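Number of protein chains: 2
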Amino acid sequence: MTARPRLGRRPGESVTREAILEVARRKFADLGYDRTTMRGVAADADVDASVVSHYFGSKQGLFTAAAALPFEPEAVLAELLDGPRETIGHRLATHALRIVETTDGRLQITGLIRAAASDENAARMLRDRITGELLLPLAQELDSPDAQLRAALASSQMVGLIMARHITGLQVLADTDAAVLADAIGPTLQRYLTGPLTGAQ
Amino acid sequence: MTARPRLGRRPGESVTREAILEVARRKFADLGYDRTTMRGVAADADVDASVVSHYFGSKQGLFTAAAALPFEPEAVLAELLDGPRETIGHRLATHALRIVETTDGRLQITGLIRAAASDENAARMLRDRITGELLLPLAQELDSPDAQLRAALASSQMVGLIMARHITGLQVLADTDAAVLADAIGPTLQRYLTGPLTGAQ
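Residue numbers (this note's numbering), protein chains in the order written: chain C, 4 to 204; chain L, 4 to 204.
These are computed hints drawn from the structure, not numbers from a lab. Keep in mind that this is a model prediction, so the values were computed, not measured. Treat the hints with care, since some could be wrong.
Because identical chains cannot be distinguished in the list, a pair is counted as satisfied if it fits within a single copy or across any two copies.
[As the list claims (entries may be wrong)] Cross-link-like lysine to any residue pairs, in silico, SDA-like; alpha carbons within 25 angstroms at most:
hint, residue 1, residue 2
1, Lys62, Glu75
2, Lys62, Pro148
3, Lys62, Arg38
4, Lys62, Gly43
5, Lys62, Glu123
6, Lys62, Asp49
7, Lys62, Asp37
8, Lys62, Asp122
9, Lys62, Leu34
10, Lys62, Thr40
11, Lys62, Glu82
12, Lys62, Ala182
13, Lys62, Asp33
14, Lys62, Arg101
15, Lys62, Asp51
16, Lys62, Gly135
Throw the hints in and build the complete structure from the sequences for me.
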């Protein structure tokens, strides 16, 4: 009976789980979804592959757990709305860039974007978490017409910037301060969220 | 001697080569770089795997040939510059969206973007072809300061929009007419290429 699987949570379980997730985030970000394997994550986390399966079931389960975003959409939403409507684009840009300035935040977001390029589950997560839970409620709170389209446009610029800066590697973006980039894309996000979408700028 | 490989170009060779490339484009776009195999492309093109190797050498060679962009940067550049400076953002948006409205153009561009998310060779191609050969010369011709940064910002919005509309699948973008999208992102590209990058919009 000594080999019976232990159920229930023991001290140490959450430590192991967190260690696996940290390795998984790094691997998903470095290799993308396709080339990351349960076995490779287990090896790097120094646990048996069965332990990874026990906690996460499948690669998709592992990915979903690892891709938990480094922010709470509701909290960010409240923070962004707490300020003048005419500068919300700049606050949104600053907030997003601040997240990718941290190693963990960058690994989580770039891992999700990389995976979303080739995996429909990851793409859905990107749509749900960034557009659905953050940008759409933001556009709706701002009472702009066409909230869906506005949220999608803002998402396209934010994801596009993170992709160009941190994934496909446009060097000048990596070399440019977050504050300068926030100044550059802030007006874009502002117009997408609150400005006219057609006609002259 | 009947099995001797035939060298030199025969009628039919370019047809086979084109057929392989068409399959490869479709597979790279549907599956991404990692999950596309030489063997799978050969099977779908109804040729032996050795034929694919003969023409393209490696998966990277196949990818490079398949990802030939559906436009000539020099020709596009000349076309874009042939018009008022203050509407160049709209012309650029319209041109890019016209390309992804065609099946071939869409498959080639989305294949390249998908692959660039996980493969450095594809990322380099994306940087070289879209930013280096098209957007950077465009920003330089417009005599704007910080041409590198401007080209990178314009690229981030264009690639971000194509990714959101055609890869990660934000439905509202897929449902919105190209003309409406060009009106929406045209002013963004215009400001990135010619406008002030800092301070109020």
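Hint-by-hint comparison with the structure:
| no. | hint | result |
| --- | --- | --- |
| 1 | Lys62 to Glu75 | within (24 angstroms within a copy, 41 angstroms between copies) |
| 2 | Lys62 to Pro148 | neither (40 angstroms within a copy, 47 angstroms between copies) |
| 3 | Lys62 to Arg38 | both (11 angstroms within a copy, 16 angstroms between copies) |
| 4 | Lys62 to Gly43 | both (11 angstroms within a copy, 23 angstroms between copies) |
| 5 | Lys62 to Glu123 | both (13 angstroms within a copy, 23 angstroms between copies) |
| 6 | Lys62 to Asp49 | within (17 angstroms within a copy, 33 angstroms between copies) |
| 7 | Lys62 to Asp37 | both (10 angstroms within a copy, 16 angstroms between copies) |
| 8 | Lys62 to Asp122 | both (12 angstroms within a copy, 20 angstroms between copies) |
| 9 | Lys62 to Leu34 | both (14 angstroms within a copy, 17 angstroms between copies) |
| 10 | Lys62 to Thr40 | both (7 angstroms within a copy, 21 angstroms between copies) |
| 11 | Lys62 to Glu82 | neither (34 angstroms within a copy, 47 angstroms between copies) |
| 12 | Lys62 to Ala182 | neither (37 angstroms within a copy, 40 angstroms between copies) |
| 13 | Lys62 to Asp33 | both (16 angstroms within a copy, 20 angstroms between copies) |
| 14 | Lys62 to Arg101 | neither (29 angstroms within a copy, 38 angstroms between copies) |
| 15 | Lys62 to Asp51 | within (15 angstroms within a copy, 33 angstroms between copies) |
| 16 | Lys62 to Gly135 | within (24 angstroms within a copy, 37 angstroms between copies) |
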